[in-house]
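J.: Protein chains in written order, with the numbering used here: chain R, 1 to 115; chain Z, 1001 to 1112.
No lab work stands behind these hints, which were simulated from the structure alone. Be aware that a few hints might be false.
Stated by the list, open to error - Incomplete in silico selection of chain R near chain Z, CB under 8 Å: (1) S24; (2) G28; (3) S33; (4) F45; (5) R55; (6) N56; (7) L81; (8) G84; (9) G98; (10) E103; (11) F106; (12) P108; (13) G109.
Claimed, not checked - In silico lysine-lysine, DSSO-like type, Cα no more than 27 Å apart, as pairs: (14) K57/R <-> K1104/Z; (15) K57/R <-> K1052/Z; (16) K1077/Z <-> K1060/Z; (17) K1068/Z <-> K1052/Z; (18) K1068/Z <-> K1104/Z; (19) K1077/Z <-> K1056/Z.
Think of the CB as a built atom: it goes at the ideal place given N, C-alpha and C, for glycine as much as any other residue.
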Amino acid sequence: KAGVTQTPRYLIKTRGQQVTLSCSPISGHRSVSWYQQTPGQGLQFLFEYFSETQRNKGNFPGRFSGRQFSNSRSEMNVSTLELGDSALYLCASSSGLGLSYNEQFFGPGTRLTVL
Amino acid sequence: GDSVTQMEGPVTLSEEAFLTINCTYTATGYPSLFWYVQYPGEGLQLLLKATKADDKGSNKGFEATYRKETTSFHLEKGSVQVSDSAVYFCALSPAGDDKIIFGKGTRLHILP
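For reference, chain R alone in the conformation it holds in the complex (with noise of 0.2 Å):
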């Protein structure tokens, strides 16, 4: 069974661009997470999407948001970049919702690069 996979693996933008990344979970995964990981903050969580919906949001700003297809895949934009959006972003896929009996599992991360 393949794993989550993220495209692309490396950006480079400039800031004030936007950028959009890409997440397909594992086949028959409909939950989807996305996190934000840099040294300084660590892992952060941004947003889950269950079957087309978010359901739970992190404290990140208005540029930054997400949709989920109904084929499970998910994407998530970065609008107006600065500086500080330079990250590793991962996303992670479960079966069902409920950490306790679900595993979450994770992508290999896209590295955003803000010039």
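On the provided structure of chain R, position chain Z as indicated by the hints.
T.: Structure of chain Z alone, referenced to chain R:
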């Protein structure tokens, strides 16, 4: 709000040494607790978990016990190997929630 605090690294040990990485948490109710590991150049992998008080999670020789009275979930391994070198994250998922709150991570170096 809910949070996780874990010991700062890096932690450097010799092969076959005993490992403890401390982790404490703040949360309401009964969260689920996790340890994740991130090997160089790879994504996060779930190492072990515990979903209720006094549960012990174990995997690959690592163990951690959910201690409600001390709000702790310390990671231990009796004899570490060079291949255990990685970054270890303690994390929690609040009761009834599907997000994960991570600690800052502890980098572990094992010397041969």
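J.: Hints first: check each against the structure and report whether it holds.
T.: Do the hints match the structure? See the list:
1. S24: violated (14 Å)
2. G28: Violated: closest Cβ of chain Z sits about 17 Å from G28/R, beyond 8 Å.
3. S33: Since the shortest Cβ distance to chain Z is 7 Å, the answer is holds.
4. F45: holds (4 Å)
5. R55: holds (7 Å)
6. N56: holds (5 Å)
7. L81: For L81/R, the interface hint is violated, since the closest Cβ of chain Z sits about 23 Å away, which is over 8 Å.
8. G84: Violated - the Cβ of G84/R stays beyond 8 Å from chain Z, reaching only about 17 Å at its closest.
9. G98: holds (7 Å)
10. E103: Given a least distance of 5 Å, the restraint on E103/R holds.
11. F106: holds (4 Å)
12. P108: Where the cut-off is 8 Å and the nearest Cβ of chain Z is about 5 Å from P108/R, the hint holds.
13. G109: holds (6 Å)
14. K57/R <-> K1104/Z: Between K57/R and K1104/Z the Cα gap is close to 20 Å, so the pair holds against 27 Å.
15. K57/R <-> K1052/Z: holds (25 Å)
16. K1077/Z <-> K1060/Z: holds (9 Å)
17. K1068/Z <-> K1052/Z: holds (9 Å)
18. K1068/Z <-> K1104/Z: Since the Cα atoms of K1068/Z and K1104/Z sit roughly 21 Å apart, the hinted pair holds (cutoff 27 Å).
19. K1077/Z <-> K1056/Z: holds (13 Å)
The structure fails to meet hints 1, 2, 7, 8 from the earlier list, while all remaining hints are met.
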